[in-house]
Amino acid sequence: MTFLRNAWYPAAWSHDLGETALELQILDQMIVVFRGEGGHPKALYDACPHRFAPLSRGKLRDGRIICGYHGLEFDGTGRCVRNPHGNGKTVSALQVRSFPVAERYGMIWVWMGHESLDGSHPLPELPLFDDPELTWVYGQLNVRVNYELVTDNLLDLTHVEFLHPFLASPGNSARTHYHCEQTGDEVRSVYTIKEEPVTGLFQLLWPDAPATANMVADIVWQAPARLSLKTSMGQGESPAAHDPQLVVMHLLVPQGEEATRYFWAAGRNSAKDSENVSAMLKQGTQNAFEFEDEPMIAAVRSRMRSNDLIAHKPAILPFDEGAVRARRIVTRMLDEERAKHAAI
Amino acid sequence: MTFLRNAWYPAAWSHDLGETALELQILDQMIVVFRGEGGHPKALYDACPHRFAPLSRGKLRDGRIICGYHGLEFDGTGRCVRNPHGNGKTVSALQVRSFPVAERYGMIWVWMGHESLDGSHPLPELPLFDDPELTWVYGQLNVRVNYELVTDNLLDLTHVEFLHPFLASPGNSARTHYHCEQTGDEVRSVYTIKEEPVTGLFQLLWPDAPATANMVADIVWQAPARLSLKTSMGQGESPAAHDPQLVVMHLLVPQGEEATRYFWAAGRNSAKDSENVSAMLKQGTQNAFEFEDEPMIAAVRSRMRSNDLIAHKPAILPFDEGAVRARRIVTRMLDEERAKHAAI
Amino acid sequence: MTFLRNAWYPAAWSHDLGETALELQILDQMIVVFRGEGGHPKALYDACPHRFAPLSRGKLRDGRIICGYHGLEFDGTGRCVRNPHGNGKTVSALQVRSFPVAERYGMIWVWMGHESLDGSHPLPELPLFDDPELTWVYGQLNVRVNYELVTDNLLDLTHVEFLHPFLASPGNSARTHYHCEQTGDEVRSVYTIKEEPVTGLFQLLWPDAPATANMVADIVWQAPARLSLKTSMGQGESPAAHDPQLVVMHLLVPQGEEATRYFWAAGRNSAKDSENVSAMLKQGTQNAFEFEDEPMIAAVRSRMRSNDLIAHKPAILPFDEGAVRARRIVTRMLDEERAKHAAI
Numbered sequence: 268m269t270f271l272r273n274a275w276y277p278a279a280w281s282h283d284l285g286e287t288a289l290e291l292q293i294l295d296q297m298i299v300v301f302r303g304e305g306g307h308p309k310a311l312y313d314a315c316p317h318r319f320a321p322l323s324r325g326k327l328r329d330g331r332i333i334c335g336y337h338g339l340e341f342d343g344t345g346r347c348v349r350n351p352h353g354n355g356k357t358v359s360a361l362q363v364r365s366f367p368v369a370e371r372y373g374m375i376w377v378w379m380g381h382e383s384l385d386g387s388h389p390l391p392e393l394p395l396f397d398d399p400e401l402t403w404v405y406g407q408l409n410v411r412v413n414y415e416l417v418t419d420n421l422l423d424l425t426h427v428e429f430l431h432p433f434l435a436s437p438g439n440s441a442r443t444h445y446h447c448e449q450t451g452d453e454v455r456s457v458y459t460i461k462e463e464p465v466t467g468l469f470q471l472l473w474p475d476a477p478a479t480a481n482m483v484a485d486i487v488w489q490a491p492a493r494l495s496l497k498t499s500m501g502q503g504e505s506p507a508a509h510d511p512q513l514v515v516m517h518l519l520v521p522q523g524e525e526a527t528r529y530f531w532a533a534g535r536n537s538a539k540d541s542e543n544v545s546a547m548l549k550q551g552t553q554n555a556f557e558f559e560d561e562p563m564i565a566a567v568r569s570r571m572r573s574n575d576l577i578a579h580k581p582a583i584l585p586f587d588e589g590a591v592r593a594r595r596i597v598t599r600m601l602d603e604e605r606a607k608h609a610a611i
Numbered sequence: 268m269t270f271l272r273n274a275w276y277p278a279a280w281s282h283d284l285g286e287t288a289l290e291l292q293i294l295d296q297m298i299v300v301f302r303g304e305g306g307h308p309k310a311l312y313d314a315c316p317h318r319f320a321p322l323s324r325g326k327l328r329d330g331r332i333i334c335g336y337h338g339l340e341f342d343g344t345g346r347c348v349r350n351p352h353g354n355g356k357t358v359s360a361l362q363v364r365s366f367p368v369a370e371r372y373g374m375i376w377v378w379m380g381h382e383s384l385d386g387s388h389p390l391p392e393l394p395l396f397d398d399p400e401l402t403w404v405y406g407q408l409n410v411r412v413n414y415e416l417v418t419d420n421l422l423d424l425t426h427v428e429f430l431h432p433f434l435a436s437p438g439n440s441a442r443t444h445y446h447c448e449q450t451g452d453e454v455r456s457v458y459t460i461k462e463e464p465v466t467g468l469f470q471l472l473w474p475d476a477p478a479t480a481n482m483v484a485d486i487v488w489q490a491p492a493r494l495s496l497k498t499s500m501g502q503g504e505s506p507a508a509h510d511p512q513l514v515v516m517h518l519l520v521p522q523g524e525e526a527t528r529y530f531w532a533a534g535r536n537s538a539k540d541s542e543n544v545s546a547m548l549k550q551g552t553q554n555a556f557e558f559e560d561e562p563m564i565a566a567v568r569s570r571m572r573s574n575d576l577i578a579h580k581p582a583i584l585p586f587d588e589g590a591v592r593a594r595r596i597v598t599r600m601l602d603e604e605r606a607k608h609a610a611i
Numbered sequence: 268m269t270f271l272r273n274a275w276y277p278a279a280w281s282h283d284l285g286e287t288a289l290e291l292q293i294l295d296q297m298i299v300v301f302r303g304e305g306g307h308p309k310a311l312y313d314a315c316p317h318r319f320a321p322l323s324r325g326k327l328r329d330g331r332i333i334c335g336y337h338g339l340e341f342d343g344t345g346r347c348v349r350n351p352h353g354n355g356k357t358v359s360a361l362q363v364r365s366f367p368v369a370e371r372y373g374m375i376w377v378w379m380g381h382e383s384l385d386g387s388h389p390l391p392e393l394p395l396f397d398d399p400e401l402t403w404v405y406g407q408l409n410v411r412v413n414y415e416l417v418t419d420n421l422l423d424l425t426h427v428e429f430l431h432p433f434l435a436s437p438g439n440s441a442r443t444h445y446h447c448e449q450t451g452d453e454v455r456s457v458y459t460i461k462e463e464p465v466t467g468l469f470q471l472l473w474p475d476a477p478a479t480a481n482m483v484a485d486i487v488w489q490a491p492a493r494l495s496l497k498t499s500m501g502q503g504e505s506p507a508a509h510d511p512q513l514v515v516m517h518l519l520v521p522q523g524e525e526a527t528r529y530f531w532a533a534g535r536n537s538a539k540d541s542e543n544v545s546a547m548l549k550q551g552t553q554n555a556f557e558f559e560d561e562p563m564i565a566a567v568r569s570r571m572r573s574n575d576l577i578a579h580k581p582a583i584l585p586f587d588e589g590a591v592r593a594r595r596i597v598t599r600m601l602d603e604e605r606a607k608h609a610a611i
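From first to last, the protein sequence lines stand for chains G, R and V. Take the first sequence: its letter number 102 is residue 369 in the numbering used here, and every next letter is one higher. Take the second sequence: its letter number 288 is residue 555 in the numbering used here, and every next letter is one higher. Take the third sequence: its letter number 294 is residue 561 in the numbering used here, and every next letter is one higher.
A couple of the hints might just be wrong.
In this list, chains with the same sequence are indistinguishable; a pair is considered to hold if it fits within one copy or across any two.
Think about it this way: if two alpha-carbon atoms lie no more than 30 Å apart in a straight line, the pair counts; the simulated DSSO-like pairs of lysine-lysine are [as the list claims (entries may be wrong)]: (1) K497 / K539; (2) K549 / K539; (3) K326 / K461; (4) K326 / K580; (5) K356 / K580; (6) K497 / K356; (7) K461 / K356; (8) K497 / K549; (9) K461 / K539; (10) K326 / K356; (11) K549 / K461; (12) K497 / K461.
Hint data in this document are derived by calculation from the structure and do not stem from the laboratory. All values derive from a computational prediction rather than experimental measurement.
Chain G extracted, bound-state conformation:
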């Protein structure tokens, strides 16, 4: 198993990239991200070519990064623009590898693939981030397992009743209707529950909520590991625009075979100005991921000899369709990528 390289990966929330450089690990590469001239984000391999000191331990000045070991100074393209020693000559070997970067949807994105393919891969489409009706809170965490195990968890919301007891009511699973569909390389799972008691979470978003309502949780997965989950409750047969809605984006970044950086953002279309709701949503979402999902996924990993779920011959149940489809797509894309790279 390995990673899809030809992809844009999230590096940081824009608001977290300020006046210091960030040290990141993406696909087993160490990367430093910082704001270069004009505040534009830059990404370099995080090692000075002189003695391999991590540049992320250095200082930023005027959009350049100064190595903390011998003071060599690099611009956002990775070129050494100053050698503070002796005659000050730089040599062409003082060039750091740079990575294409973009800033969009409130995030810094880094292209980890073949340089010649950069232009041919547009940034992912995540239009929900542009929806003017939504107010967002953000978070992130590290998960001690392969990203595909996190995808498995997210594409299967039937675990909510058991792992997140505050987010569902007892017996919820038996009442849930599950539907999965695949469009191209996009996998969508829809969970429909009629006359579900309104959860504590939705009561925050829905003043004067009735005792029960119809709930729909609609999650869409894109390779390698971007998921958007829209949950709404309402009184009609299907969700209506004015129904209270909670959107959670899940953006998974493989740090290495056994480590994942997990960015999440939760948007809502009601109680939008309540700082209290923002704070509860931020802490509650973070806690569910950190203290309920993460330990369970790590425990699952402890019972597997590798990250290849399918090779372990799990008992497949109907609601596993989404996760199985996503794994098949990633496997096919990895094969394609290997073939393409062999041809370059």
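Given chain G, work out where chains R and V should sit, using these hints.
Frame of chain G, contents of chains R and V only:
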């Protein structure tokens, strides 16, 4: 080196298996032990066959164990008896491997060997646990080394003067007569010391003890790693029934190549109703094993490249006979087991 | 990569070898050092030949070391001189490997090479330790990297302005003239800075110092990893005997491939009786090594796949000459040592 599989291994003291399931590692296998219907102990492989969540993280209800991830429910035979999702169908693949279990001598025992051999291997004989003259205290600890290194330590009590200064008097080693004998696959070492100052430990058991008495420490080993040590002090030539006696059972369970679960129980035939003596014996025994033996055995391991003591060509002294015999028996039994499994 | 074995390595400062034995790791060997008869230092392989208990966990009595596990007693040559058990016989197998030891320059030195070569390798010449003009403070630390990476750091003092801002003034690097020379297998790097602001450190040594002075830092390296750095400030063209001078000895001991024991001593020729200066120098030097150099060298290591700097094709700058020369000498000596050992 590997483990003897065709054996009953201790899993827990009976009094420690209450209303929650226990997660155990035995011979590199993860096992969940719990009380099934009627309170009978059950042992299953500790992973749900659906997504491999450890069942030990689940909940017990009416003698069944409910997976904490998706709520699948298993009985003590490992059969899935309830699927809480959608139409509730279970599939035959939802079957967990179960292990034979027994409850005897105040312990839960698990058979780790070939299923077809279960009936042919009776539980170990540990009649001292049934002796009505004895009152017991119990304990357990984890040791960071292979179980055979712990056996080496226990079959050689000449270390007591040096490693456990409170349990012997100076010069004790020079006065000790050592005798070793083997009967079938049982190894017995007997240490006899004439006119030994009565130790602080025996003063607890012997009111109005004389200044010195004759001491006998008699330890019997059975494969893979069960030892019973009877120590008595008295004024006759050989131990008499009414002499104060301390029995310590040592039951070692290989968790993996470099980890051992160590169950111990200490029984006495005097001061039987004294809570004070019970408390001192419990804490003192635990402390000696945890803070004196365990660090020394781990330090010994740090100087070896493997767990095979003999391959390191140690200088063999007369009192090493017991440990050497026990290692030879285990090696022969491992060979026999490999041959037998090859024939099955 | 491996270690030069035919060398005397520092084991401890003399003042740190008192009434207890020290457990050391040198070139991946575990060694116990203690004071034998007459207080002479002794070095043995740190494992009892009986059951491999570390002798360093034992007790010292009358210049002998008594194993803490079974009480076997060894003299400074590694011979078992007492067996406290039964008939007290010792066997010839009870012999511990001993290492040649010397005490010189306030240190214990251990010869780690071939025994037949002992006589042919004199102790290193470190005459600065005998200089009656100098007063010393001492320290030591563990570094989580290969010793050659520490040598790289020490043979390149151009990092001082950036990594140790309190020891240099801004822009210092541009004003530094660097000269490197090799005499036999000795590498010397000299850094000359005219009209340098007198650093806080030198103000301690130089009452009524002028605002600026000429500074010379002169560092000499000997294989495998001994460095002596003389830094002086003065008003003449070249250093004069009465100029305030600070000498720092750096003695690196490979514990293993990824671990180094680092002994240092700082001597000064002025403010010699000031306890305040001694205390500041001791703490300041220790802090610079522990909190500035050590984390940076470990960070450098984290960006390399091995300890072979040259194999990583670093951009070589003029001031890297010393480090490159030292690495070449060690590589050649390792080749010679392998050839010599093959011939023995």
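The hints, checked one at a time:
1. K497 / K539: within (16 Å within a copy, 67 Å between copies)
2. K549 / K539: within (13 Å within a copy, 59 Å between copies)
3. K326 / K461: For K326 and K461, the Cα distance is within 30 Å only across copies (28 Å; inside one copy 57 Å).
4. K326 / K580: So K326 and K580 pass the 30 Å test across copies only (25 Å; inside, 50 Å).
5. K356 / K580: Answer is between; shortest inter-copy Cα gap is 19 Å, intra-copy 61 Å.
6. K497 / K356: Only across copies: K497 and K356 sit 28 Å apart there, 57 Å inside one copy, limit 30 Å.
7. K461 / K356: Intra 73 Å, inter 21 Å, cutoff 30 Å: inter-copy only.
8. K497 / K549: This pair counts as within: shortest intra-copy Cα distance 16 Å, inter-copy 58 Å.
9. K461 / K539: within (26 Å within a copy, 65 Å between copies)
10. K326 / K356: Within one copy, since 21 Å is at most 30 Å while 61 Å is not.
11. K549 / K461: within (27 Å within a copy, 58 Å between copies)
12. K497 / K461: Within one copy only: 16 Å inside a chain, 69 Å across chains, cut-off 30 Å.
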